[in-house]
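J.: Using the hints, position chains B and C against chain A.
Chains as they are written, first to last, in full-length UniProt numbering: chain A, 1 to 301; chain B, 1 to 325; chain C, 1 to 335.
Where hints are given, some of them may not hold.
[Stated by the list, open to error] Pair by pair, the computed Cβ-Cβ distance ranges are: (1) C:G161 - A:L86: 28 to 36 Å; (2) C:F17 - A:I43: 39 to 47 Å; (3) B:T182 - A:I43: 52 to 60 Å.
Note that these hints are calculated values from the structure, not bench results.
These numbers come from a predicted model, not from an experiment.
Glycine is no exception: its CB is placed at the ideal position from the N, C-alpha and C atoms.
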Amino acid sequence: MAETTASTPTAAVARPGRLREFWYYFRENRGAVMGFWVFAAFIVVALFAPWIAPHDPSQQFRDHLLQPPFWQEGGSLAFPLGTDALGRDMLSRLLNGARYSFYVGIVVVAFAATGGIIIGLIAGFAPKWLDTIIMRIMDIVLAFPSLLLALVLVAILGPSLTNAMIAIAIVLQPHYVRLTRASVMSERSKDYVTAAKVAGAGTVRLMFVTVLPNCLSPIIVQGALSFSTAILDAAALGFLGMGAQPPTPEWGTMLAEAREFILRAWWVVTFPGLAILITVLAINLMGDGLRDALDPKLKRS
Amino acid sequence: MPLLELRNLSVDFATASGPFRAVDGVDVSVDKGEILAIVGESGSGKSVSMLAMMGLLPWTATVTADVMNFDGKDLRQLSPKARRKIIGKDMAMIFQEPMSSLNPCFTAGYQIKEALRLHLGLDAKARQKRAVELFEMVGIPAPEERLKAFPHQLSGGMNQRVMIAMAIACNPKLLIADEPTTALDVTIQAQILDLLTGLQRDTGMALILITHDMGVVAETAERVSVQYAGQKVEEQPVADLFATPHHPYTSALLAALPERATERHLPTIPGVVPGQFDRPEGCLFSPRCKFADDRCRTVPPVPASADLGFARCHYPLSVSAEAEA
Amino acid sequence: MLRFIFSRLLTFLPTFFGVTLIAFAFIRVLPGDPIIVMAGERGVTPERYQELITQFGFDRPVIVQYWDYLKGVLHGDLGHSFVTKKPVWDEFFTLFPATLELSLCAIVFATLLGLPAGVIAAVNRGKFFDRTLMSSALIGYSMPIFWWALLLIIVFSGWLGWTPVSGRISLMYYFDNPTGFMLWDALWSGQKGALWSAIHHLILPTIVLGTIPLAVIARQTRSAMLEVLSEDYIRTARAKGLAPFRVNGVHALRNALIPVITVIGLSVGTLLAGAILTETIFSWPGIGKWMVDSIFRRDYPVVQGGLVLIAVMVMIVNLTVDMLYGFINPKIRKR
Chain A
1 MAETTASTPT AAVARPGRLR EFWYYFRENR GAVMGFWVFA AFIVVALFAP WIAPHDPSQQ
61 FRDHLLQPPF WQEGGSLAFP LGTDALGRDM LSRLLNGARY SFYVGIVVVA FAATGGIIIG
121 LIAGFAPKWL DTIIMRIMDI VLAFPSLLLA LVLVAILGPS LTNAMIAIAI VLQPHYVRLT
181 RASVMSERSK DYVTAAKVAG AGTVRLMFVT VLPNCLSPII VQGALSFSTA ILDAAALGFL
241 GMGAQPPTPE WGTMLAEARE FILRAWWVVT FPGLAILITV LAINLMGDGL RDALDPKLKR
301 S
Chain B
1 MPLLELRNLS VDFATASGPF RAVDGVDVSV DKGEILAIVG ESGSGKSVSM LAMMGLLPWT
61 ATVTADVMNF DGKDLRQLSP KARRKIIGKD MAMIFQEPMS SLNPCFTAGY QIKEALRLHL
121 GLDAKARQKR AVELFEMVGI PAPEERLKAF PHQLSGGMNQ RVMIAMAIAC NPKLLIADEP
181 TTALDVTIQA QILDLLTGLQ RDTGMALILI THDMGVVAET AERVSVQYAG QKVEEQPVAD
241 LFATPHHPYT SALLAALPER ATERHLPTIP GVVPGQFDRP EGCLFSPRCK FADDRCRTVP
301 PVPASADLGF ARCHYPLSVS AEAEA
Chain C
1 MLRFIFSRLL TFLPTFFGVT LIAFAFIRVL PGDPIIVMAG ERGVTPERYQ ELITQFGFDR
61 PVIVQYWDYL KGVLHGDLGH SFVTKKPVWD EFFTLFPATL ELSLCAIVFA TLLGLPAGVI
121 AAVNRGKFFD RTLMSSALIG YSMPIFWWAL LLIIVFSGWL GWTPVSGRIS LMYYFDNPTG
181 FMLWDALWSG QKGALWSAIH HLILPTIVLG TIPLAVIARQ TRSAMLEVLS EDYIRTARAK
241 GLAPFRVNGV HALRNALIPV ITVIGLSVGT LLAGAILTET IFSWPGIGKW MVDSIFRRDY
301 PVVQGGLVLI AVMVMIVNLT VDMLYGFINP KIRKR
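Extracted from the complex, chain A is given alone in its bound form (with noise of 0.2 Å):
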């Protein structure tokens, strides 16, 4: 009823594209789109963090060690953010660490999603025991706790941060595997998918141009929600060691560091965790809005 009903109105206007329709109910999400220009504001400060950063994140300040930010006594405002242990400045090495962040949540979505997209469209338009083998390797991955699993491979490939990406994208392949299989399944026994293959369509050909393009909606909410955990267990990593070394500004690495100081220097433990939780949680407010804006199931309630 709602289609034949609520059209006449809108079918005058053209109808808009879809990035304008996408965006329409963007916006009607506050929190989503507060998330969006905090994660605008993080790619900046990741861009450009040496520019923007009054000092340079390793250079030690030797007089001013432990130093607390400018507006607690003992603070000045040349380190408005205060010094950590070794007296380098909490606000450079907070902007650089930004960097990091953004840099593993790209290349870990990038791989994840990439890999497991493809093996979740073979698996969905592959014979039934192959799907069954696929599945069930996932399934071996997830029986792992994600965190462990990447702390085991990242102690075989020796702790950095590359090696830290490399296990967190292992661990969250499955999950992509999955989703693109799942909707896929439901996309192949559509009409315009029989109608590709009896139009000549290849399989290859089916799988990327015609079923994937429909399947993308969860995929990039996933996306967006992975970016998060991927800069979550990157830090988490980087505090148990096994992440970026020190003198790395990478947050969780920074917090590993601060940790013997938290009785003494509130501000070394607490400001690279507020800038974790800060971009963790705009990424998944941009994630929620993003999945209420690209389900179809949601859009018309």
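T.: Frame of chain A; chains B and C shown alone:
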């Protein structure tokens, strides 16, 4: 005094794209022991007006009425708590989809006994006895077994019988049946209708039958109220309505009955009920009415006299339906 | 129902073999000579190297090695720790109660708060409480819990001095720990204040570990409730004249619980295994900390065995949840 009297009932829904009037100034009145049918296409606000009276609409709905009396009580004045004492006891309702209208997590017995405990305060033994009795009344074989069954283990017709048993559990004075047979097989439909009319006769309750099926109306109802796009367009005793419909819409509905078809092709009413965005200026039926002229398209008509079945039309028909078709 | 259980069990087996294969492969197939890695920085003499190769069976075909390993696993023989020389199996079961105790406390904490919060939010959809609660839940969900733990330590242990920073019980108390469950043992030790001390030590780890499940449960409960509240049978329940508390708390919640219980169950699995960060920060002597310590010590048999045990544990929990799901959902139960 009628058992139920609604005057100028309106329901507005707050939607994302502005308010939507689903029911527009409808009057309903039902006497004790009477069967009233409310007829109309999908989207004509039949169910909504009844749900509004029961207080079952979601919070997005605003209900207004000049009069809303049931059994001598003003429903508008009642607190939610006082209203819940009436609903499910003196006034009960059954719905269109029997399969989804029963809670899948509880047995049929649990759901029927819940009402018995709430309104009649029966103890466990009395509840069981009454539940079995009710199941027998609505023609469910092996009632003891069926009481223990979950809704998904029963067929659609059986579930609708459970719904009916639940509705009449506390001997209501008014039963509202909202398209009770639409979702059922044709053979089951007749059984359920027979059951409802039979129960109505035996218990003397009033029955409001909401339907879009004129055939059902002819078989069961005493009086018919025709709704279109949230408005009542005509109301007459059933025989008169079938003999001389006064509103072109009623006439068109009757003409669309297969039994009345005079040509090889069944006549249809072109178009659909207007929705939120395409409400016409004048008579709401004018875009689909074959008699409509400029006056119909610009000036909204008011209900005519009782002789003309309160037809909401500038040019009420007064010839018999057969002659018309 | 029996067929349902059986089909679930059937998928369990291949996953189990896969898990053992991965754990096995971690040490033998991946780059790096395990003996050199095990020997660490001290290095190893060629004779000792040969000896170790034979001892670990590295000179035999990989298939045979895996077969031996699998046989061992099926007999509960997961090898011995390089560091303590004790069987991995024994170490695991000594430490497991600590993790179980913490996880159960965390999940109870998360459920007791998250379930009612989700229900109330759904019933008051769009109102102030709902918005506040859902914002908080999203913050909880986005929380880096290692930082959250440090913050709580700063506030509650540092500034307020209310809670201890690490461990399971104050060093003042010493008693046998026969069950491994500190709360239980402290209660039965009869020592004054022991139970109180144990509870004190549990508070912060419970909150930290329970935060994300709390957020997940609250969100899941809310969305499940919202879905159920628009169902026809809720209208039927209201048409019976039932009070809102009964409609929401019995008719709606009973249906909403089906997906929520699944979520709670699955969180138990992740908690049992995922207490890594929490246990490390609070020096909680459970399997999470054990795994991390072993990874740093390059105690490979422990890492290998731990991986298998943890994965199997998660699988068993998930399997149980699956069956529980079948049991609480009448549509599956009575088929």
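J.: Please check whether C:F17 and A:I43 have a Cβ separation lying inside 39 to 47 Å.
T.: 44 Å, holds
J.: Kindly confirm whether 28 to 36 Å is satisfied by the beta carbon distance between C:G161 and A:L86.
T.: 29 Å, holds
J.: Taking 52 to 60 Å as the stated bounds, is the beta-carbon spacing between B:T182 and A:I43 within them?
T.: This hint holds: roughly 55 Å between Cβ atoms.
Figure legend: structure checked against the earlier numbered hints; every hint is met.
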